[in-house]
Amino acid sequence: MGDAYVDMLARKAVTAPQRGLDTVPPLPSSLSDLQRDVTAFLLQSGCGAGFLDTGLGKTRIQLAWARVVAEVTGLPVLGFVPLAVGPQHVREAEAAGIQDVRVVRCQDDIRPGVNLTNYERMHLFSPDALGGVFLDESSILKSFSGVTTRKLMQFSAALNWRAAFTATPAPNDHTELGQHSQFLGVMDSNEMLSRWFVADQKQMGRYRLKKHGVRPFWSWVASWARCASRPSDLGYSDAGYEMPDLVMHDLLVRVDTSTDAGQDRDGQLRLLRIPGTSSTALHAEKRRTAEARARAIAEPVMDLRAEPWNVWCDTDYEADALMAAIPDAVEVRGSMSPEMKEERLEAFSRGDIRVLVTKPRIAGFGLNWQHVAHAAFVGCSYSYEQFYQAVRRNWRFGQKRPVNVYLAYAETEAAPREALRRKSGEHESMKAAMADAMQRAADHRTIKHSYAPTVRPELPVWLRGAGAGDCRHA
Amino acid sequence: MRDPLVLDQAHGADWSIYNADCVTFAQAMPDASVDLSVFSPPFSNLYVYSESAADHGNCVTDEEFFDHYRFLVRELYRVTRPGRLCAIHVKDLVYYQNSSADGSAGLRAFSDGCTRVHLEEGFTFHCRITIHRDPVLERAKANPHGLLWKTFQGDASFCRVGMPEYLMVYRRWARPGEKALVKPVLHPKAEVPLERWQDLAGPVWRTDDASVALTYGDPRRAVGSLVWNLQDPGRGDGDLPATDVLNVEVARDPDAERHLCPMPLNITKRAIELWTNPGEVVFSPYTGIGSEGVAALSMGRKFIGTELHPTYYGQACHFLDEASRQVAYGSLFDLLAAE
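Those sequence lines, one after another, are chains E and U.
With my numbering, the residue at position 448 of the first sequence is 448, and numbering never jumps.
One rule links them: number in my numbering = place in the second sequence (from 1) + 1000.
Bear in mind the hints are in silico, worked out from the structure with no lab data behind them.
Some hints could be false.
[Stated by the list, open to error] Derived DSSO-like pairs: lysine-lysine, alpha-carbon spacing no greater than 27 Å straight-line:
| # | chain 1 | residue 1 | chain 2 | residue 2 |
| --- | --- | --- | --- | --- |
| 1 | E | K211 | U | K1150 |
| 2 | E | K211 | U | K1183 |
| 3 | E | K423 | E | K211 |
| 4 | E | K142 | E | K400 |
| 5 | E | K423 | E | K151 |
| 6 | E | K142 | E | K211 |
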């Protein structure tokens, strides 16, 4: 009876099952200790995630992981990567001494070993003859439609070996973490939400981690993922991983609020325009100020003529305004063919294009542009995640110079700027909770804190009861 | 039997409380030692009070809650005196579209789930008291889709009624050979007039929700007017003030998800008045900040309770100590008055 209760309590602690290798074969000597540790962990768990910030060696880890899975299963492994990232991976494999890595365009191209393709080409492949699958920059799933994500889940469901790699998740990003845990077959995202999150009525029902959920949630994540924003998060030295400074330049654009002032509820004409915080009001305001913001960005871009620039926008009309204001800019737009996008992104990587104008949702994931130390955002959206990912293209380990980020916004758009500032602070505290959990996982401590009483209770004299006989329900 | 250890304990002449997991503690209590259990269980996963796996509120699904709760009910049955009752304060729970797998929304019959567990562990279903709650105030507090005027205009098929609370009462019948343990609860005509009994027998106890707006005052406020006091919806109505609870401000744990839900003193007192004799033992496995204990002591009963959360346990010690001193002063005044 007592043991049944202990068993029931034990069932309440949750960890992901270990479905992988008991013993991990020798890994390439080109891997660092951290990379070796994470690779071994993912091979042991079978289905796991590497939430590693840019520059910690995600590419090497996934290639080493895929190589072992291909050997163990005797079947080829397929990796999905963002546009233009495949060739970067092949170069990395050569440098790390990992054999049999290639970019493929359809099922027939697949050969034993590690095969890489774009997410956009998923429909040309079938999981039947594969040993395993991995996703590079899996955050990108959020910029695809729900259909793509569901297809990817279906594609991978039958495979016993799955891995996903992306930067450390944004604060409270339950969509991303839920998608990952579901993709990996660890837990349904709905169950994850009801277990550790609460729909905050003050925030229009948006989910946030329960206060008491923070510790157990990250402990659970630590049972199927490794998260690190720097080597010391996993107990390694940060030497050689110093980050250059990130310098933010706010370009505040004055606007004439006396035009389009509109009228108030009673039909009274307004003297000044009062921008709302609703997305409709914000978009109207952004359209009005797009040209002025593009001109503000063009100024430093033209001043620092010898420097390559990443210029980010959220909409096509902003891109048009930028293209008009910056003569030697090249644009990558959503409506272009994947081939054309890839060609231009590659050209920018090689240094053949000086100014690249594009959107974070197109090129904000996976590309390494450490040769660029100047980035500009022509506007400020509410998505911290996209902003963060875009900045990380330049501001990453391996960047030798301070990174200058120029952010143009109209004085009527202060609300999103403030939100960005707040979310950045939340991100830091969430990273601390996550790093803490990784340390606990490294210490092999238990997941939920247990009940450990030490005091012998004295029962009051008046609590005598019937004394004799067993009163249990038969 | 497991080693029945606790985290901490505190005692007064007529009360004992333990900072402990209620299940392991109850396993160490003697058979038939409790005359009435009255408490408010955690409402499944509605609130999480602590990280501890032993916290009954720390669960994901109702199913997981009931798996855990069952261990307590099994002990409750054993420690309850044959012929006596266990009264629990519960409500049904809503679930929302964004947390359901199939996109539906509605209610979870949590109170019925509790009944199922109590029946399976040997109790019989004795009665259900509905505690009226004002739907207009519920709308103002939680803005539920089913209570919006807008919903009523748009598609009233989504409209529901307000969510009442219940006092669900279960009885442990004496089995053959236990007749000697049965002790009747007596209410001499001289002490409880017919009118009072008719009032207590009402199936719906109306509480005065309007006082929700008031700041928490004297925690031991006397039971309100016994006269039915029906008013327009939105102004609250009834004879039991909803805020007749211990001062919750002082017991707030900054990490606890939202606030604790103290059991209303007036509901507890009615149950104690109806179903115990003076001097008998009242038990609450989820003592919280000590509401049931304060109610029991103020009515000359003894109290035993457990609480897992150290902050609430500390507050309960404080309230019970104060309550027993008040009772002592009270009887001193009675003595002086008698002279």
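Checklist entry - Against the structure shown, which of the earlier numbered hints fail to hold, in ascending order? => result Per hint list: 1, 2, 4, 5 violated.
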